[in-house]
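2 protein chains.
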Amino acid sequence: MGRWEPNARGRLEKAAMELYGEHGFHQTTVTEIAERAGLTERTFFRHFADKKEVLFSGAASLQELLVQAVDDAPEPLAAIDAVGVALEAVAEAMQERRDFAKWRQAIIAANPDLQERELIKLASLGSALAAALRERGVGETAASLAAESGIAAFRVGFERWIGEAGETRTYRQIMKESLKELKAVTSGRTPPTRTPPARTPRGRERPHAHR
Amino acid sequence: MGRWEPNARGRLEKAAMELYGEHGFHQTTVTEIAERAGLTERTFFRHFADKKEVLFSGAASLQELLVQAVDDAPEPLAAIDAVGVALEAVAEAMQERRDFAKWRQAIIAANPDLQERELIKLASLGSALAAALRERGVGETAASLAAESGIAAFRVGFERWIGEAGETRTYRQIMKESLKELKAVTSGRTPPTRTPPARTPRGRERPHAHR
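Those protein sequence lines, which keep their order, are chains X and F. Just so we're aligned: 72 in my numbering is position 68 of the first sequence, and the numbers increase by one with no gaps anywhere. Just so we're aligned: 175 in my numbering is position 171 of the second sequence, and the numbers increase by one with no gaps anywhere.
A hint or two may mislead.
The list cannot tell twin chains apart, which means a pair is met if one copy fits it or any two copies do.
[Stated by the list, open to error] EDC-like cross-link-like pairs, simulated, lysine to aspartate or glutamate; straight-line CA separation at most 20 Å: (1) LYS55 <-> GLU122; (2) LYS180 <-> GLU144; (3) LYS18 <-> GLU100; (4) LYS184 <-> GLU144; (5) LYS56 <-> ASP117; (6) LYS56 <-> GLU120.
It is worth saying that the hints were derived from the structure and are not from the lab.
Given these sequences and hints, build the entire structure.
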C-alpha cells in the first residue's frame, strides 16, 4: 500500500480542481495533479481510479446517505415527504463542501462528457431513492415518480445554491423551498402561462432560438 | 445522392432491429444491416450516421413535436397542464410505433451505453420543454420542475405502456394517468409509507439488497 500521506486525498482533490480550472479537464494529466499536490502518481491511484473519479467519487456516499435517510424517516410519512427528508439530509451534508461543489460544477459545465456522467449519477441516485421507497411499501409507479421529481427539485435547488451570488440561505433551506415549489407546480397552483407572441402563417418566429 | 429506394429507411430500421435482437447491438455491423435490408451500405449512410442513430434518430422530431405542442397549448394554462398537453401529443404520435418502441426498449435495456444515451435524450427533451415553458412566461425554476417531473411521468408511463402484457390502454391514456399520479404523489395524497422492518443494532439487514 505504500506510505501513508496525511490528508493525501484532500490535497489531490484540491490540486485536481485547480488544474481542471486553469487548463481544462481534458488537458490535465494525473502526473500534473500528483506533482501539484506534492505526491506521487502511485498515491493518486491509491485514492482515485482516474482523473474523472476526483469529480464523481462522492456519488456513492451521497447515495448511501440518501437511502439511509429514507430508511430512517419516521412513519407514517407520505412518499414525497420521505424523499424530502432524505434530500434535506444530503443537502445538509453537502453544505460544508460548497466551494468544492462550485468548482466541480464549473468544470462539469465546461465538458459535455462530464455533463453526461453527471446525468447518469443523478439517474442512479433516483433509482436508489425509488428502491428505498419501495422497501417502505410505496407502489412501483409512485416510488419512481416521487424519487425522480424529488431529484429534479434537488438539481434545481443545487443550481440556485451554488449559482446565485447573493444567496445566503443554506442548501437545506433552498432544498425545502424547491420541494415546496415542486408541489405548487404539479398541483397547477402557478400563475397561468400565456402562449408565445410572434406567429407567422407557416409557424412562429423564434428570434432567440434554442436548440 | 444515388438511386432512390422506396421506403429504404423503413427497411433499414426493420433489418437493424431484427439483427440487434438476434445478435446483440454491438455484434451487428452496418454491412449486415444493409445486406438484410437488401440495400447497400451507401444507402444506409444516406439515412443514418451510424448504427446507434437507427435507435435515436426519432429524438429530434419528438422534441419538435413537444415544443410545438407547448407553443400551441391554449391559454391560460398552468405550466404542468401545458406539459401534460404536450406529452399527450407525443404519446399519441408514438402510438402507431408501439412494436418499434418495444423492440427498441429491449435493445436499450441490454446495453448500458445505450441506456446512457437514452438518459441524455430524455434530459434534452426536458431542457427543450422547460425552454418552451419559459417562452410562455413560466419562471425559471417552475419551468424546470414542471418539465422534469413531466418527463418522469412520461418515462414511467412509457414503461407501463410497452411493459405490461395485458395493457390495452393507449399511451395517451396511460400518460394522462401517469400525470395524475404525479400530482397525487407530490401533493402527498398517497398512502403513508412504513419504515422497513428488520433492523439490527448496527443497521438494518437487507435480505434482498439492491445496489
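- Task: Could you figure out if LYS56 and GLU120 sit no more than 20 Å apart (CA to CA) within one copy, between two copies, both or neither?
- Result: both (12 Å within a copy, 17 Å between copies)
- State whether the alpha carbon distance between LYS180 and GLU144 is at most 20 Å within one copy, between copies, both, or neither. between (25 Å within a copy, 17 Å between copies)
- Task: Go through the copies and call it for LYS18 and GLU100: within, between, both or neither, with a Cα cutoff of 20 Å.
- Result: Only inside one copy: LYS18 and GLU100 sit 15 Å apart there, 53 Å across copies, limit 20 Å.
- Query: Using 20 Å as the alpha-carbon threshold, which applies to LYS55 and GLU122: within, between, both, or neither?
  - Reply: within (15 Å within a copy, 25 Å between copies)
- Item | 20 Å Cα threshold - placement of ASP117 relative to LYS56 | So LYS56 and ASP117 pass the 20 Å test inside a copy (10 Å) and across (17 Å) alike.
- Task: If the cutoff is 20 Å on CA atoms, where do LYS184 and GLU144 land: within, between, both or neither? Let me know, please.
- Result: So LYS184 and GLU144 pass the 20 Å test across copies only (15 Å; inside, 23 Å).
Going through the hint list in order, the structure satisfies each hint without exception.
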